[in-house]
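Could you put together the complete structure from these sequences and hints?
2 protein chains.
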Amino acid sequence: MTTSPNYLEERVKELTLLLELNKILISTLDIDKLLNFIMKMANRVVKAEASSLMLLDQSQQELYFNIALGDKGAQLKEIRVKVGEGIAGYVAAHGESLIVNDVTNDPRFTARFDTATHFTTKNILCVPLKTKNHIVGVMEAINNQDKGYFDNEHQYLFEVFASQAAIAIENAQLFKNLKEAYRGAINALTEAINAKDHYTAGHVDRVGEYAMAIGQEMGLAEEVLEDINQASMLHDVGKIGIPESVLNKPGKLTDEEFLIMKTHPVVSAQIVKPIGLSPHIVNAIRHHHERLDGKGYPDGLKGEELFLEARILCVADSYDAMITDRPYRKGLGQEIAIAELRKNSGTQFDPAVVEAFIKVLTKANNMHI
Amino acid sequence: MTTSPNYLEERVKELTLLLELNKILISTLDIDKLLNFIMKMANRVVKAEASSLMLLDQSQQELYFNIALGDKGAQLKEIRVKVGEGIAGYVAAHGESLIVNDVTNDPRFTARFDTATHFTTKNILCVPLKTKNHIVGVMEAINNQDKGYFDNEHQYLFEVFASQAAIAIENAQLFKNLKEAYRGAINALTEAINAKDHYTAGHVDRVGEYAMAIGQEMGLAEEVLEDINQASMLHDVGKIGIPESVLNKPGKLTDEEFLIMKTHPVVSAQIVKPIGLSPHIVNAIRHHHERLDGKGYPDGLKGEELFLEARILCVADSYDAMITDRPYRKGLGQEIAIAELRKNSGTQFDPAVVEAFIKVLTKANNMHI
Chain A
810 MTTSPNYLEE
820 RVKELTLLLE
830 LNKILISTLD
840 IDKLLNFIMK
850 MANRVVKAEA
860 SSLMLLDQSQ
870 QELYFNIALG
880 DKGAQLKEIR
890 VKVGEGIAGY
900 VAAHGESLIV
910 NDVTNDPRFT
920 ARFDTATHFT
930 TKNILCVPLK
940 TKNHIVGVME
950 AINNQDKGYF
960 DNEHQYLFEV
970 FASQAAIAIE
980 NAQLFKNLKE
990 AYRGAINALT
1000 EAINAKDHYT
1010 AGHVDRVGEY
1020 AMAIGQEMGL
1030 AEEVLEDINQ
1040 ASMLHDVGKI
1050 GIPESVLNKP
1060 GKLTDEEFLI
1070 MKTHPVVSAQ
1080 IVKPIGLSPH
1090 IVNAIRHHHE
1100 RLDGKGYPDG
1110 LKGEELFLEA
1120 RILCVADSYD
1130 AMITDRPYRK
1140 GLGQEIAIAE
1150 LRKNSGTQFD
1160 PAVVEAFIKV
1170 LTKANNMHI
Chain B
810 MTTSPNYLEE
820 RVKELTLLLE
830 LNKILISTLD
840 IDKLLNFIMK
850 MANRVVKAEA
860 SSLMLLDQSQ
870 QELYFNIALG
880 DKGAQLKEIR
890 VKVGEGIAGY
900 VAAHGESLIV
910 NDVTNDPRFT
920 ARFDTATHFT
930 TKNILCVPLK
940 TKNHIVGVME
950 AINNQDKGYF
960 DNEHQYLFEV
970 FASQAAIAIE
980 NAQLFKNLKE
990 AYRGAINALT
1000 EAINAKDHYT
1010 AGHVDRVGEY
1020 AMAIGQEMGL
1030 AEEVLEDINQ
1040 ASMLHDVGKI
1050 GIPESVLNKP
1060 GKLTDEEFLI
1070 MKTHPVVSAQ
1080 IVKPIGLSPH
1090 IVNAIRHHHE
1100 RLDGKGYPDG
1110 LKGEELFLEA
1120 RILCVADSYD
1130 AMITDRPYRK
1140 GLGQEIAIAE
1150 LRKNSGTQFD
1160 PAVVEAFIKV
1170 LTKANNMHI
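Top to bottom, those sequences are chains A and B.
Going left to right, the first sequence walks through residues 810 to 1178 as my numbering numbers them.
Going left to right, the second sequence walks through residues 810 to 1178 as my numbering numbers them.
Since the hints were derived computationally from the structure, they do not count as laboratory data.
Heads up, some of the hints might be wrong.
One copy or two, either will do: identical chains are not told apart, so a pair holds if it fits within one copy or between any two.
Derived pair list, reagent style DSS-like, types lysine-lysine, alpha-carbon separation capped at 25 angstroms [claimed, not checked]:
#1 K988 x K832
#2 K1111 x K1071
#3 K1061 x K956
#4 K849 x K832
#5 K1139 x K1058
#6 K1152 x K832
#7 K822 x K941
What follows is the structure, encoded as structure tokens:
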């Protein structure tokens, strides 16, 4: 009788485990961590010796191992399975689970995974990773260690786990795609500067490298470094609004031209407004030409009124402007530029930032020897 | 004895229900739909007469009703509760569940919700909506209809449901924020054109309106309209790369200047490349100056080689260019512009698109009468 207390107790335990696992599944939006977790838990859910998970490449209609645990992982990553081929391919094609309790008697079974991993498959429970609209892959449990075979009860539990895993995978993939599109759109803004002015584009890349190196040297947290990175990429985007006659003038600017040039941090901040960036990023963009003594522009802020990100960006930006050749003048040598940073440390620049940057540059020089 | 078959059977049913609900919870990344679903299901999980859900406003440390069902919803939306205040505020402050089986005897109970909704609260089960790192809100079940009071069993089930709901809410919020940041970054690209050239910025907005109206008139699917919208916003971003002397020349362009001008669709496509937009959007951007007869630029594609999105964008773009005043010439009147579209229908323009657009313009004119 299936409703005996023992059976029910076992079922309560299993369902409670599934609920616990789900909580972790849906807390993980990082696709690699998520797949890792699913792989590790799959064994536990149906007491299997091993498990595998293949994702579906929709455009190629092929299954592939995004992740494979253990030292045979690399070999497995080479293998791709056509939808319809073998046991996994059959399940992906039909969208239904399959138990094969004697693989030697099933023509769909192929030994090539066993060969690649030096493993002996006896029985397989294979379920589709299915969301409302798509099949995102298949999951296999291999060699049941409890009964020596897989039954309907295992299939039920594995299907419940797989259905939650599939949705979590789809969410994580959506999240990853959206994140990449966002980063891409930010890169497009840099690309837009490049279309107008190659010098600014190259400058922006270098300032980003310097600013990140300073932040790392100062031991800043990962989120702060990410803010510095975004601020660096976008700090000069306002130069799109500066007339070419001013931006590329092969000589010293007149007072009036300099006033126009000085609008660029404000225009940069204006352009990035719709993105809704953190105040730290916007502050760094708007204030990368301020000075510690309040004599900078556009707002004449001083000292602690300036966010650390702005003070870092300012040093990185000034240094690159000094050492770079322009059509109308040769760049200063590194030594002279460093001397300039030192000279203006405490008035124009934040001394702690200057010091960190000089350490970075010294290390880099030593590596070049 | 708590492990009687009846109890266990009941527990299996409850856990199975929770697993089912979770699947729906995590499938819903739209925050409004998600909160609606949670509210509707909360009653069912603990057999309550009513339920409520308040989200936490982190910056204000206040709880608020993002969603309130029924005809009293509007009044509830006005109410905000300080963390620490009342039963909900207590639970948010302590991060722990609370059962109040006789609200008349609990000083934390406030009747103002009952007053607003003409409801009589007898007993309350209130649980925090808690993820690994944050409290995102609280959820209340009101008036148990099974036993007439809430017990530990109800609390356990409601907590399990709440813990999954909280993660789903946090994911949906993250997703919403990221989506808004992405849209913002696309808007920033339009804002960047605006910084260089106000005419192009206004033009881009109008072309977007025309193109969307054509798409709607043609009965295109929501996703296609969204592609048309994005393509419209970005089609002229490449003008950032056109020298101002050419872009704003107050007169006819020389052959050489026209060659430079004709690079802008290619530059637009180049700039948006990092975003990884759909091929339909990129095609429409690159090919909005092609002609149906293959005599356009940059690639001389013809007929069906051009995606529908490109053919729509082309008509919208040409029409706006015709009717708009420029410093060196007055815009054509609407009637003449429509006659031009008709004249070039089948050679330059897709006849189906021209026809749809004329319908749109005629409707708009009638509305102005």
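Verification of the hints:
no., hint, in the structure
1, K988 x K832, "both (23 angstroms within a copy, 24 angstroms between copies)"
2, K1111 x K1071, "within (17 angstroms within a copy, 47 angstroms between copies)"
3, K1061 x K956, "neither (85 angstroms within a copy, 85 angstroms between copies)"
4, K849 x K832, "both (15 angstroms within a copy, 21 angstroms between copies)"
5, K1139 x K1058, "within (15 angstroms within a copy, 34 angstroms between copies)"
6, K1152 x K832, "neither (56 angstroms within a copy, 63 angstroms between copies)"
7, K822 x K941, "between (27 angstroms within a copy, 23 angstroms between copies)"
Comparing the model with each numbered hint stated earlier shows that hints 3, 6 do not hold.
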